[in-house]
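Construct all of the structure, not just a fragment, from the sequences and the given hints.
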Amino acid sequence: MHKVKRLGKLAAFLVLLVFGIAYFFPFFWMVSTALKPDTQLFIYPPRMLPDPPKWSNFYDAVTAIPFGRYTMNSLTIAALATVGALISCPLAGYGLARLRWKGRDLLMIVTLAVLMIPNQVTMVPLFIVFSKVKLVGTFAPLIIPMFFGVPYYIFLMRQFFKQLPKSLEDAARIDGCGEFRVYWSIMLPLCQPCLLTIGMFQFVASWNDFLGPLIYLNDEFRYTLQIGLQQYKQSTNIQWTQLMAAATLVALPVIVLYFTVQRAFVEGITFGGVKG
Amino acid sequence: MARKVPKAANAERVQAKAGMLFCLPWILGLAIFYAYPLLSSIFYSFSAYNVVSPYKWVGLLNYQMLLKDKVFWIGISNTLIYAAMAVPLSALIGILLALLLNVKLPGRGIFRTVFYMPTLVPVVATSILWQWLLNPQFGVVNYLISLFGIQGPPWLGDPSWAKPSLVLMAQWTLGNAVIVYLAGLQDISRDFYEAADIDGAGTFQKSMHITLPLLTPVIFFNVVMSVINTLQVFTLPYALTLGTGKPANSLMFYSMYLYNNAFAYMKMGYASAMAWILFVIIIAFTLLLFRSSNNWVFYQDEG
Chain A
1 MHKVKRLGKL AAFLVLLVFG IAYFFPFFWM VSTALKPDTQ LFIYPPRMLP
51 DPPKWSNFYD AVTAIPFGRY TMNSLTIAAL ATVGALISCP LAGYGLARLR
101 WKGRDLLMIV TLAVLMIPNQ VTMVPLFIVF SKVKLVGTFA PLIIPMFFGV
151 PYYIFLMRQF FKQLPKSLED AARIDGCGEF RVYWSIMLPL CQPCLLTIGM
201 FQFVASWNDF LGPLIYLNDE FRYTLQIGLQ QYKQSTNIQW TQLMAAATLV
251 ALPVIVLYFT VQRAFVEGIT FGGVKG
Chain B
1001 MARKVPKAAN AERVQAKAGM LFCLPWILGL AIFYAYPLLS SIFYSFSAYN
1051 VVSPYKWVGL LNYQMLLKDK VFWIGISNTL IYAAMAVPLS ALIGILLALL
1101 LNVKLPGRGI FRTVFYMPTL VPVVATSILW QWLLNPQFGV VNYLISLFGI
1151 QGPPWLGDPS WAKPSLVLMA QWTLGNAVIV YLAGLQDISR DFYEAADIDG
1201 AGTFQKSMHI TLPLLTPVIF FNVVMSVINT LQVFTLPYAL TLGTGKPANS
1251 LMFYSMYLYN NAFAYMKMGY ASAMAWILFV IIIAFTLLLF RSSNNWVFYQ
1301 DEG
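Protein chains in written order, with the numbering used here: chain A, 1 to 276; chain B, 1001 to 1303.
It is worth saying that the hints were derived from the structure and are not from the lab. If you're wondering where the values come from, they're calculated on a predicted model, not measured in any experiment. One or more hints might be untrue.
Stated by the list, open to error - In silico SDA-like cross-links for lysine to any residue, where the CA-CA straight-line distance does not exceed 25 Å:
#1 A:Lys9 to B:Val1114
#2 B:Lys1056 to A:Ser131
#3 A:Lys132 to B:Lys1267
#4 B:Lys1267 to A:Asp219
#5 A:Lys162 to B:Val1180
#6 A:Lys134 to B:Val1051
#7 A:Lys3 to B:Ile1198
#8 A:Lys9 to B:Ile1110
#9 A:Lys9 to B:Arg1112
#10 A:Lys3 to B:Thr1211
#11 A:Lys9 to B:Lys1104
#12 B:Lys1017 to A:Ile109
#13 A:Lys233 to B:Thr1241
#14 B:Lys1246 to A:Asn237
#15 A:Lys233 to B:Gln1137
#16 A:Lys134 to B:Ala1031
#17 A:Lys162 to B:Asp1187
#18 B:Lys1056 to A:Val136
#19 A:Lys54 to A:Gly68
#20 A:Lys54 to B:Gln1131
#21 A:Lys233 to B:Phe1138
#22 A:Lys5 to B:Tyr1193
#23 A:Lys132 to B:Pro1025
#24 A:Lys102 to B:Ile1027
#25 B:Lys1017 to A:Ala172
#26 A:Lys166 to B:Asp1187
#27 B:Lys1267 to A:Pro118
#28 B:Lys1017 to A:Ser185
#29 B:Lys1017 to A:Ile174
#30 A:Lys9 to B:Phe1204
#31 A:Lys134 to B:Ala1035
#32 A:Lys5 to B:Leu1212
#33 A:Lys102 to B:Ala1035
#34 A:Lys132 to B:Asn1260
#35 A:Lys134 to B:Ile1032
#36 B:Lys1056 to A:Ile215
#37 A:Lys132 to B:Phe1046
To be verified - Which chain A residues stay away from chain B? Per the calculated CB distances, all over 10 Å, these:
#38 Met72
#39 Lys162
#40 Leu168
For every residue, glycine included, the Cβ atom is placed at its ideal position computed from N, Cα and C.
Pasting the structure below:
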């Protein structure tokens, strides 16, 4: 019986290993290609490792397009959108989880229902609105909505607030704290893992966003990295090594961010309520 | 006693007011960024509007023209074919990976990270990377296939292989679903397994008769989300083909054609009609899944 069990575990591990290698390999290939001299690119069979690595590909990649400017633009949008989501979503999540008021349950249902609305339905009227208030071409349409709340993050915050013990806020209320004080100095600090999680989600979503900047940013000066990378793909006579170097650089910040907040990420999500 | 009642009522009133205030930004956000666009897009769909010239009511004309629009139908069929391949395959691989990650094996944390990492890579970077991996002549994927003595397909260069290529790429980024499946697996009560152990059930039997049935609520959730997202597929094919849908329109997906109509040809009314048709298709599939769920979704607490 034990022998069978161990054989089963070994088989499971091998399958996992095969998938793990398959999922990791593209990352390896991206970096390996980014470091290849052009002469080692179009050869068959392909070379696994560059010899010697050509580090200047990275320099060429960042100088071929206004990489610094695009990075600043992406960073500005992602940072402000993240601040917006971190202000608005905990507020709504708290109001939905810990306070009793008329209309709360309806608001919760609506919050979940709007998750179903395809972006394609709202994007045309929103574009028309933003063009009427002359904000097309600015970062505003990519940032302002987050200051009003993002349904998925509101749902996550609500789930997190729900599981905190009630004794905490009661004690504070007896001490005469106002509702906002209870929220701000007692409940919110306990949500750090969840705040880190939604902060990471929003940052990654804004950093990686393609459709939003594609619709709203028409001036090259304001392009984000994603749009810049796409332009670059279009304009050059496909320089694979430089493209891979640029792709590596564009992917790196979010991967580093993930590793930084990874522990919070696992704690921060409670999937209670996923079912049913 | 006499003082306590009004005080409690007062506290309730304070809370009711506070609750409303806490949610006020979101209620405004719902009105501005969801309710208004949702309703106005119905009106736009009955109009000819290009932002510059004034709004003109055209009745059902947009919808009538869509029915005669060849690319519209190509978009629908491409999207449905793609979803029919991608949704079941991602569910299958997602569940398999989560089941494996749920076994106490060495390096579990590393594997979980490896499966999640691709979801962080910007889609434009993913598109560049996979175009190179799947390069028919010098790509490493076809090289690896050739080691088994098989000649690799032309992938994105061939209309009949383009969608399968996209399905393959989508499998690389299913980390979010894996995390949700894994959370679902960890929610399954140990009691069920202990009972099965007493009955002498093997690992495979336990997976088939306990784990999978109890995972069906999570599978249901993931499949619904995956259908909704897959029917809206946009960024990956757009980035791959720079919006053209090449080769031979095989990667012209519904949302890409919608985007082109709205923002390349400025046909806002036409695009809004397309958006509503997409919305109806999505609702129909979701309802269908909910209907079917009675037959295959089991809940733990219903015993």
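So, going through the hints one by one against the coordinates:
no.	hint	result
1	A:Lys9 to B:Val1114	20 Å, holds
2	B:Lys1056 to A:Ser131	18 Å, holds
3	A:Lys132 to B:Lys1267	17 Å, holds
4	B:Lys1267 to A:Asp219	22 Å, holds
5	A:Lys162 to B:Val1180	20 Å, holds
6	A:Lys134 to B:Val1051	12 Å, holds
7	A:Lys3 to B:Ile1198	19 Å, holds
8	A:Lys9 to B:Ile1110	17 Å, holds
9	A:Lys9 to B:Arg1112	17 Å, holds
10	A:Lys3 to B:Thr1211	23 Å, holds
11	A:Lys9 to B:Lys1104	9 Å, holds
12	B:Lys1017 to A:Ile109	20 Å, holds
13	A:Lys233 to B:Thr1241	10 Å, holds
14	B:Lys1246 to A:Asn237	18 Å, holds
15	A:Lys233 to B:Gln1137	19 Å, holds
16	A:Lys134 to B:Ala1031	20 Å, holds
17	A:Lys162 to B:Asp1187	18 Å, holds
18	B:Lys1056 to A:Val136	23 Å, holds
19	A:Lys54 to A:Gly68	21 Å, holds
20	A:Lys54 to B:Gln1131	22 Å, holds
21	A:Lys233 to B:Phe1138	18 Å, holds
22	A:Lys5 to B:Tyr1193	15 Å, holds
23	A:Lys132 to B:Pro1025	22 Å, holds
24	A:Lys102 to B:Ile1027	14 Å, holds
25	B:Lys1017 to A:Ala172	18 Å, holds
26	A:Lys166 to B:Asp1187	24 Å, holds
27	B:Lys1267 to A:Pro118	19 Å, holds
28	B:Lys1017 to A:Ser185	19 Å, holds
29	B:Lys1017 to A:Ile174	18 Å, holds
30	A:Lys9 to B:Phe1204	12 Å, holds
31	A:Lys134 to B:Ala1035	21 Å, holds
32	A:Lys5 to B:Leu1212	20 Å, holds
33	A:Lys102 to B:Ala1035	20 Å, holds
34	A:Lys132 to B:Asn1260	21 Å, holds
35	A:Lys134 to B:Ile1032	17 Å, holds
36	B:Lys1056 to A:Ile215	23 Å, holds
37	A:Lys132 to B:Phe1046	20 Å, holds
38	Met72	17 Å, holds
39	Lys162	14 Å, holds
40	Leu168	15 Å, holds
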